Amino acid sequence: MTKAPLLQIKNLTVAVGEKLILRDLELTINAGETHVLMGQNGTGKSTLASAIMGSPAFDIISGEILFEGENITEESPDKRARRGIFLSFQNPEEVPGVTLENFLRTAKGAVTGEKPRLMQFKKDLRVEMERLGVAETYAARELNVGFSGGEKKKAEILQLLTLNPKLAILDEADSGLDVDAVKTVSEGVSRFRNEGNALLIITHNTRLVEGIAVDRVHVLENKKLALSGGAELMRRITDSGFAGLQTNPDAPRGAPKGDTQ
Amino acid sequence: MLTTLKNINALPVRTWRRLGVNGETLDIEFPEPRVFPAPKPALPEGITRAHESVLVCAEFKSALGEELSAYTRVHANAGVRLRALKGRPPTEPITASYTLTAEHPALVDNNVIFAEAHSEITVVLIYGGGAGERGFHSGLTRVIAENCAVVRVVQLQCFDAGTRHFSDFSAVIANGARVELTRIELGAGETYAGCHMKLEGDKSEARTDTFYFGDGTQTLDFNYVARHLGRATKSEMNAAGALFGSCGKTYRGTIDFVAGAGESKGAESENTLLFSENSRNRSAPVILCGEENVEGSHAASVGRIDEGKLYYLRSRGLTETDAKRLMVGALLESAMKNVPESERERLRAVLGERIG
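Chains A and B are the protein sequences, given in the same order.
Just so we're aligned, residue 27 is where the first sequence starts under my numbering, counting upward by one.
Just so we're aligned, residue 41 is where the second sequence starts under my numbering, counting upward by one.
Worth double-checking, as some hints may not be accurate.
[What the hints assert, rightly or not] Once the Cα atoms are required to be at most 27 Å apart in a straight line, the calculated DSS-like pairs of lysine-lysine come out as:
| hint | chain 1 | residue 1 | chain 2 | residue 2 |
| --- | --- | --- | --- | --- |
| 1 | A | Lys-141 | B | Lys-126 |
| 2 | A | Lys-105 | B | Lys-126 |
| 3 | B | Lys-305 | A | Lys-148 |
| 4 | B | Lys-126 | B | Lys-377 |
| 5 | A | Lys-178 | B | Lys-349 |
[Stated by the list, open to error] Ranges of calculated distance between the beta carbons of each label pair, as one might list FRET restraints:
| hint | chain 1 | residue 1 | chain 2 | residue 2 | range |
| --- | --- | --- | --- | --- | --- |
| 6 | A | Glu-140 | B | Asn-333 | 51 to 59 Å |
| 7 | A | Asp-85 | B | Asn-318 | 22 to 30 Å |
| 8 | A | Gly-237 | B | Gly-396 | 40 to 48 Å |
| 9 | A | Lys-45 | B | Arg-320 | 30 to 38 Å |
| 10 | B | Pro-129 | A | Asp-206 | 22 to 30 Å |
| 11 | A | Glu-162 | B | Leu-125 | 22 to 30 Å |
| 12 | A | Leu-144 | B | Glu-347 | 49 to 57 Å |
Since the hints were made in silico from the structure, they are not lab data.
As the structure is a prediction and not an experimental result, all values here were calculated from the model.
Where is the CB? At the ideal position from N, CA and C, for every residue including glycine.
All chains should be built: construct the whole structure from the sequences, respecting the hints.
As structure tokens, this is what we get:
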């Protein structure tokens with residue numbers, strides 16, 4: 027029996043209030059794959075990420091989101107997270123009073139169903155923080171409160187590595203980072219990646235994915251995936267920009283027929 | 041007989057009436073206090089029983105209200121009276137626990153703590169139970185901390201929702217001494233709590249940590265005063281809590297630098313999470329300066345929990361209730377520094393149940 031794709035999006039139409047953001051979007055991601063989602067500002071990349079995660083800020087007008095073959099379109103974000111979906115936020119929320127360590131331990135307990143043992147958790151956390159270049163003192167700091175943009179992004183990757191989801195969606199995990207920080211985050215993402223999980227990386231540039239084997243690249247335009255292809259598509263975009271692609275949302279190109287998923 | 045009490049939790053300096061923080065007027069039917077069954081706590085070495093007369097050498101001020109304070113002194117049916125002996129090392133916390141029942145619905149406890157010079161004492165007062173609308177508590181705790189003494193008082197309140205709860209605390213603090221008050225207010229239908237710290241001696245210190253949780257139609261009303269008289273004194277008042285339902289909370293925090301209290305520092309902070317549009321929050325931080333060479337600061341964070349924060353926490357696997365528990369629980373944790381480990385889990389569970 028064929029295993030269901032990890033994520034399958036069918037004819038997804040998403041709106042905020044009266045405004046349509048995505049229309050009849052289709053996307054399939056299998057375990058072991060890394061997908062990159064690109065597109066100009068305001069084309070709906072973050073909306074797609076939020077819709078997959080179940081943000082209440084967006085309305086699903088029609089279509090379905092399936093995860094491991096099960097329809098999760100109506101599910102709450104916490105249920106989706108417990109299934110193994112993770113979103114690294116572009117602008118992570120500040121949560122006063124809740125320390126990073128306490129939050130991570132609570133979240134780990136929530137997604138695994140068992141709160142991790144304190145000492146072992148602390149030890150593992152310290153190791154990962156050191157690898158990411160996050161000072162140990164941040165564990166006791168309030169979640170994202172007073173963090174710089176780069177620190178917030180690293181904290182998101184720390185959460186990714188701690189929660190170890192099946193599907194990680196990284197929404198501009200590299201924005202606002204200096205070259206060294208991008209390298210550190212990229213290494214963290216590489217550590218996460220294995221044959222059993224998958225990545226959907228939303229980015230404007232290729233630095234973050236330089237050390238990561240990319241399977242598929244998609245360009246979001248006019249409310250849907252206008253173009254899909256292999257890693258070479260990313261290079262074309264880097265060289266020529268989106269304007270040079272001459273995409274047509276009604277006739278996806280740049281990939282074999284039926285390849286735009 | 042119905043008595044009308046004026047100036048409950050009165051702000052030391054009155055402000056605009058329309059702000060509604062000057063103080064409360066309450067109609068109270070004082071119960072006939074009967075002997076309250078409460079086991080006397082065992083006293084460790086270095087602690088003896090004190091007589092109320094040890095307090096005559098100090099002048100106490102009530103932040104809750106003198107009238108109520110007088111009632112509690114006269115009609116007390118319970119309380120601890122403790123004297124920490126000079127120069128003795130710190131002991132284990134002394135715990136007194138009171139439970140309201142239908143048979144004993146009214147508790148009026150008058151507590152006296154006298155810490156001789158260079159002594160250290162921690163007292164934990166635990167309040168719980170209830171008797172429907174007949175539930176009544178009025179507590180008064182007066183503290184004298186002689187030179188370089190350290191006194192910690194922890195009050196943990198989990199009364200049933202029908203209970204009317206008054207709590208008054210007053211301390212007189214000598215040179216180099218330190219008094220800390222921790223209040224965890226998790227129950228009762230109405231809570232009126234006052235605290236007056238008189239920093240009389242040079243380099244004396246006071247600290248309060250308060251956590252409150254309100255839901256339904258609860259009333260929470262606080263009045264905290266740190267009066268700096270000695271030189272180089274230091275006060276810190278921290279309050280945090282969460283409001284659900286249509287409850288109302290008023291918090292007054294006054295740092296009063298009296299002339300002669302040079303080089304003193306006072307800081308107050310409040311962090312309130314509002315989970316309901318119907319809850320009402322009032323905060324009145326006041327800093328009075330009768331002395332120039334002082335540092336006073338206040339910080340208040342009052343915010344409604346927005347969907348964005350809840351979504352963020354839920355995206356990490358926490359249910360909506362778990363997310364609220366995490367946020368409110370964090371505030372509780374920050375107030376529990378002096379709470380014995382043995383009580384912490386119970387308080388976490390009580391809070392968790394109330395949020396759930």
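Open item on the list: Tell me the hint numbers this structure goes against, listed in increasing order.
Closed with: 1, 2, 3, 10, 11, 12
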